[in-house]
Amino acid sequence: MSDPAPGATAPDPAPAAAAAAIAPAVDLADGEWHRLHPATPLLRGGFAFVAIAGFVLANLRERILGLFLGAGPGGGEGGDPIDVIVRRGLIPLALVVVLVVLILIITIFWLSWRVHTFRITDELVEVRSGILFRTNRRGRLDRIQGINVGRPLFARLFGAARLDINVAGNDANVQLAYLSGRNADALRRLILQRASGSREPGSAAARLEHDGSLGGMVTQRAREFVAPELDPQLAPPESVVAMHPGRLLGSTVLHDRTVVFVLLVIAAAVLASAAHMFFVLFGVVPVLLGIGSQIVRRFSRSLRYSIAATPDGVRVGYGLLSTNNETLPPGRIHSVEIRQPLLWRPADWWEVRINLASHSDRQEGGRRTSTILPVGSRAEVFRVLELVLPDIVGDGSRQLVVSGLAPARADDGYTGSPRRAAVLRWFSWRRNGFALEPEAVLLRRGAIWRSLIVVPTARMQSVSLRQGPLLRMLRLADVHVHTVSGPIRAALEDLDAVVAAGFFRDVAASGVAAAQRESAAHLAGRARWQGMSRSHEQ
Amino acid sequence: MTDKIDMPVTPRGGLDPVPGEWRRVSPRYVWVDLVGNVISGLVVTAASTIPFWVTQLPWLLVIPAVVFVIAVIGAAITPRRVRAIGYRLRDDDLLVRRGILFQRFAAVPYGRMQLVDINRGPLARALGLAELKLVTAASASNVTVPGLPMADAEELRDRLVELAESRRAGL
Chain A
1 MSDPAPGATA
11 PDPAPAAAAA
21 AIAPAVDLAD
31 GEWHRLHPAT
41 PLLRGGFAFV
51 AIAGFVLANL
61 RERILGLFLG
71 AGPGGGEGGD
81 PIDVIVRRGL
91 IPLALVVVLV
101 VLILIITIFW
111 LSWRVHTFRI
121 TDELVEVRSG
131 ILFRTNRRGR
141 LDRIQGINVG
151 RPLFARLFGA
161 ARLDINVAGN
171 DANVQLAYLS
181 GRNADALRRL
191 ILQRASGSRE
201 PGSAAARLEH
211 DGSLGGMVTQ
221 RAREFVAPEL
231 DPQLAPPESV
241 VAMHPGRLLG
251 STVLHDRTVV
261 FVLLVIAAAV
271 LASAAHMFFV
281 LFGVVPVLLG
291 IGSQIVRRFS
301 RSLRYSIAAT
311 PDGVRVGYGL
321 LSTNNETLPP
331 GRIHSVEIRQ
341 PLLWRPADWW
351 EVRINLASHS
361 DRQEGGRRTS
371 TILPVGSRAE
381 VFRVLELVLP
391 DIVGDGSRQL
401 VVSGLAPARA
411 DDGYTGSPRR
421 AAVLRWFSWR
431 RNGFALEPEA
441 VLLRRGAIWR
451 SLIVVPTARM
461 QSVSLRQGPL
471 LRMLRLADVH
481 VHTVSGPIRA
491 ALEDLDAVVA
501 AGFFRDVAAS
511 GVAAAQRESA
521 AHLAGRARWQ
531 GMSRSHEQ
Chain B
1 MTDKIDMPVT
11 PRGGLDPVPG
21 EWRRVSPRYV
31 WVDLVGNVIS
41 GLVVTAASTI
51 PFWVTQLPWL
61 LVIPAVVFVI
71 AVIGAAITPR
81 RVRAIGYRLR
91 DDDLLVRRGI
101 LFQRFAAVPY
111 GRMQLVDINR
121 GPLARALGLA
131 ELKLVTAASA
141 SNVTVPGLPM
151 ADAEELRDRL
161 VELAESRRAG
171 L
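So the protein sequences, as listed, match chains A and B. Residue numbering for the first sequence follows this note's numbering, beginning at 1 and increasing consecutively. Residue numbering for the second sequence follows this note's numbering, beginning at 1 and increasing consecutively.
For reference, chain B alone in the conformation it holds in the complex (with noise of 0.2 Å):
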């Protein structure tokens, strides 16, 4: 994991409230949340047209026009998206960020975690990759690290267990 130590994207004007040293995810992970990206933009654009086809009013056409257009945008910076994404083991807690134009900053104690999953999609699985989901007794937590190589899920997963059972605290 020590590789892959550096800084990740931090957006003009944006939060960066804990400054220092995150670890990044897999690179590989652009792929898994570019094809994500491309098929759900692909529903929604096609979804998009139903108004047009029922009232076959040709201005309508302008949504699905402006819905694909995001939706390529979206896809152009899935490598920046992906780049923004870090965590970090603190002393007594991890620390989680996203996104670029929507930031998210979270920190979960290591003592409130009540289990830590690994999920992994068909794309992830073929790329080796995997997804670790930390749940606590707060369902607003919902804290995932995405695209972390399956090896470093594994490790990453047993020492936040370990942190977790040393620092155990009641709900």
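So here's chain A without its partners, still in its complex pose (with noise of 0.2 Å):
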């Protein structure tokens, strides 16, 4: 990236170079291919590297201490291979086999980040990496479903920051790992303009900032090892929900999640003091260790969520060591899952997760979230919504997801179960029920465990109707609405079978006529936009 000389390795770069020799700042968006953050190889991988050499070091320590004071350890016990390199004298030739595979290390990681290259057009962006096996990358910025930032622990050190740009798609993620975390967040910025289509003169704000003085440096580094975002005048003024911990750790502890791991502890201690089954444990104690890293990695990761409004969508920060913050730009997201584990209803607490079109969970830091909201109250689950879902919760709308919040009332605007669907939904039957606008489907189900699901009908990708002879019997009929996979899914089981079908039309005729809404939206922004540009040209 800032790196002067011209490179033999990668054909393009060399004009690149030789510019970013001529001008101090780079514009990292202009097209042209650049590299990574310099620290890329120790951050991608380095550290195990780092850790095995001290790990053998700090083993042969005595024998080095003993090798310099002369008192060399009485071998001739035979097994041991430093011992019989020691005792055959052939320490020179271990010590260049060291320097060889050293350096061939070193030059290894140093290649692999020469040709390590990324650029940035107006259309796409472009990822090619390798050494023996090339693998080039591209992800057309139109198609962008969300931006993320990531920034582990070591990396934050480094002050470098992952970019991680999601494209639809099963690990379609284009990934720039690692920037200095100055530009990750410029190059966000600049990406997210681009992808939504306004082309403002903002790529100045990619520029490499340089700041000389090692001083400088330091207190940079900490400001912005503090700081939640990393260019205060990127960040959105405030979160709109501001995390206690205290409610926090209430919701941890009352979570269901929780509440299992707690069963399942004094299950497993009953059985193995009063029974003496102590095989139980081989079985309940891997379970344990799962249920409760995710209880600690929940906690942990929402100590320091925030969730904000910005020009180019949703900004959703986590994590409290290694950072995280992702920018879902407007229409991406896919379903919404509002929904109240058992032991948080007397607090109102409750929790919203979505569905998205991309999924780039290859690595445990880069993990996309679905939880959008991870303990809320009432009002801060409208907030969120209204930044989610800003057409949808509007005036009329809102009052239906009030209701599907509520126990089940005679006219709140759901269409609900038949009293005879009582036989398979005991409880649930009279909650379990669904309204229609013309902007989203409301989903609302359960009873113990409630929960409403917004499906945006402009996002919704096909729907079917389904019945098996038992439904049959009871004139019953399930109904699917397919989105994008996600740990949401938007079924209602158990309605009316007549009910059901007039739904399943309902819903393939709104899904039909929202996108064509949105796609002449499109077409007419796209055609003001051109309009736009041609009179900037004259």
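Errors might be hidden in some of the hints.
Claimed, not checked - The list that follows gives simulated cross-link-like pairs (lysine to any residue, SDA-like), each with its CA atoms no further than 25 Å apart:
1. B:Lys133 <-> A:Leu99
2. B:Lys133 <-> B:Glu155
3. B:Lys133 <-> B:Gln114
4. B:Lys133 <-> B:Trp31
5. B:Lys133 <-> B:Arg90
6. B:Lys133 <-> A:Ala491
7. B:Lys133 <-> A:Gly486
8. B:Lys133 <-> B:Tyr87
9. B:Lys133 <-> A:Ser485
10. B:Lys133 <-> B:Phe52
11. B:Lys133 <-> B:Arg104
12. B:Lys133 <-> B:Leu60
13. B:Lys133 <-> B:Arg80
14. B:Lys133 <-> A:Arg489
15. B:Lys133 <-> B:Arg120
16. B:Lys133 <-> A:Arg505
17. B:Lys133 <-> B:Val38
18. B:Lys133 <-> B:Ala75
19. B:Lys133 <-> B:Asp158
20. B:Lys133 <-> A:Gln516
21. B:Lys133 <-> B:Pro149
22. B:Lys133 <-> A:Gly468
23. B:Lys133 <-> B:Val18
Stated by the list, open to error - Which stretches of chain B does chain A cover? Using the computed rule of at least three CB atoms under 8 Å from a CB of chain A, they are:
24. 15-21
25. 37-47
26. 98-106
27. 128-140
In case anyone wonders, no lab produced these hints; they're calculated from the structure. Owing to the predicted nature of the structure, the values given are computational and were not obtained by experimental measurement. Where is the CB? At the ideal position from N, CA and C, for every residue including glycine.
With the hints as a guide, bring both chains together as one complex.
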């Protein structure tokens, strides 16, 4: 990136690198090839190497000390390869071998950094990497589903950040790891601007910032480390939801998962101590470890949670030591579920999850979150919904969401299951119901574990209607609204068969209508933008 | 394709959310479905005798007997099941229906189709049939129209792709 030497390994970067030698500031989004942060090899796996080297050195410490003090170990015990080397006087050879291996490894790391280049043009982002096996990955900017700026702990120490550009599809993200933190944030803004079609001359924001003095660098690192946002100018004023540690702790304790954890511990303890069934532990302990780590991760991730509206979309921040900062452009959320674990009901806390079209779950740190609000009061749920579904939580549908979170009443806008569905849904048949707005399908489910699923009709992929023999005897049917895969399954079972058939027809029609409205608006917007750009040219 | 427009079987008391004319798949598809059913029925019946072989308890032979009867019934209603498969091209979406005992209707808007596959198994190829598979961004959609004559399948695919192109929507 800031490397001034023109490279022979990569064909294209030569002009860019030459330009970099002339100009101190490099525009990262100028369509030329650029390199990543110089610390990238170290951050991407070099630490493992350093750790192994340290481990080997620590184990050989005594031997090395002995070597230098001239009191070698009384060799001759055979098996130890190092003893063999010492005894046969092969130390110079061994040192040469170690040196060659070291140089080889460092060269490979350096080469892989040299050939790992990226470019960002007006239409696409492209990354190429690999020495022997070259990979080349392109993403179209207008297909971007979201951008995630991740900063793992070690990377934060170097002021580096990882930029994940999520394109729709499984494992379809383009990853720029690592960039300097400021560049990552500026690039994110720029890419989002280009993704949304506006082409303001904002590329100045993507210039490299050089701070020559060491003191300035240190304070900048410290500032970056403390600040949840990298650039205060880019950051929105504040999160619309404040996460109180007390509430987070309370919600964690009362979460279903914690209850299951405690019950499992009690059951295992009773079985092991009273009934002497120790073999139970073999099955239970791994499960407990899994659940426990989920609980801890949810807690630590959510401690510095923030959600805010930016001009480019909703920005969700997570993480305490390794931070993640994800921006979702408008219209990329395919369904929303508001749900309540059983014990949260007295406190009226809710959790909000979403389905997204892209999944970048390759790495633990870079995993996209499906939980967009870990815990919040009813008012905060509405604030989050206004951000993620601005068209839908308007004046009219707001009342529907309110009744979607409440017990069923007559005339609350939802069409529920008939009484005969109580055979299958003992408690929830009253609440089990749907409401269809022009912009969204609302599915209300569950009486004990309440949840409300909102699918924007413009995002719906298809719809199906099903009936098996049991449901036919009861004159019931299931309707399933298909969205992109994710944690939310937008299905409503055991509706009256006639009602379900009508719902199926209406959902199919309103999905088509919403998609047509959206593409018409899109075309109009594009025409307007083209007209504007033409008038600029004149 | 016009000669196959007629009403597919709607079971008594079953669903018929969008009354009207459906296109049916080729009657030759019965053979494809039947052979698949017979093979899977034999395999499952053979597998269900394992408890008997392991324990040598004679009453465990009830399991393969029941499985065999179910498989025979399944094979016997194959023609009916194939007659129940239907599809319909509406103005803005494709409707597909399947099943008698377990009915399933799906509506896929043309603008949501990401790609259209034509699959041909060995037996279907021998009979000149093909299966059309519609892929959307949702994996749950999973809509297939089996048993189309090859020419019809290609024509339908081209038509669907054309419709999808003219109604292209974002994700």
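Results for each hint:
1. B:Lys133 <-> A:Leu99: violated (58 Å)
2. B:Lys133 <-> B:Glu155: holds (14 Å)
3. B:Lys133 <-> B:Gln114: Holds, because 11 Å separates the two Cα atoms, which is no more than 25 Å.
4. B:Lys133 <-> B:Trp31: holds (20 Å)
5. B:Lys133 <-> B:Arg90: holds (17 Å)
6. B:Lys133 <-> A:Ala491: holds (22 Å)
7. B:Lys133 <-> A:Gly486: holds (22 Å)
8. B:Lys133 <-> B:Tyr87: Satisfied, since the Cα-Cα distance of roughly 12 Å is no more than 25 Å.
9. B:Lys133 <-> A:Ser485: holds (18 Å)
10. B:Lys133 <-> B:Phe52: Distance of about 41 Å is beyond 25 Å: violated.
11. B:Lys133 <-> B:Arg104: holds (16 Å)
12. B:Lys133 <-> B:Leu60: violated (41 Å)
13. B:Lys133 <-> B:Arg80: holds (22 Å)
14. B:Lys133 <-> A:Arg489: Within the cut-off at roughly 22 Å; holds.
15. B:Lys133 <-> B:Arg120: holds (11 Å)
16. B:Lys133 <-> A:Arg505: holds (22 Å)
17. B:Lys133 <-> B:Val38: This hinted pair holds, its Cα atoms lying about 24 Å apart.
18. B:Lys133 <-> B:Ala75: Judged against 25 Å, a Cα distance of about 24 Å means the pair holds.
19. B:Lys133 <-> B:Asp158: holds (13 Å)
20. B:Lys133 <-> A:Gln516: holds (24 Å)
21. B:Lys133 <-> B:Pro149: With a Cα-Cα distance of about 14 Å, the restraint between B:Lys133 and B:Pro149 holds, given a limit of 25 Å.
22. B:Lys133 <-> A:Gly468: Holds. B:Lys133 to A:Gly468 sits at ~23 Å (cutoff 25 Å).
23. B:Lys133 <-> B:Val18: Distance ~22 Å between B:Lys133 and B:Val18 Cα, so the pair holds.
24. 15-21: holds (count 4)
25. 37-47: Three-residue rule not met by the segment 37-47 of chain B, so violated; n is 0.
26. 98-106: It holds: at least three residues are needed, and the segment 98-106 of chain B offers 6 whose Cβ sits within less than 8 Å of chain A.
27. 128-140: holds (count 5)
The structure fails to meet hints 1, 10, 12 and 25 from the earlier list, while all remaining hints are met.
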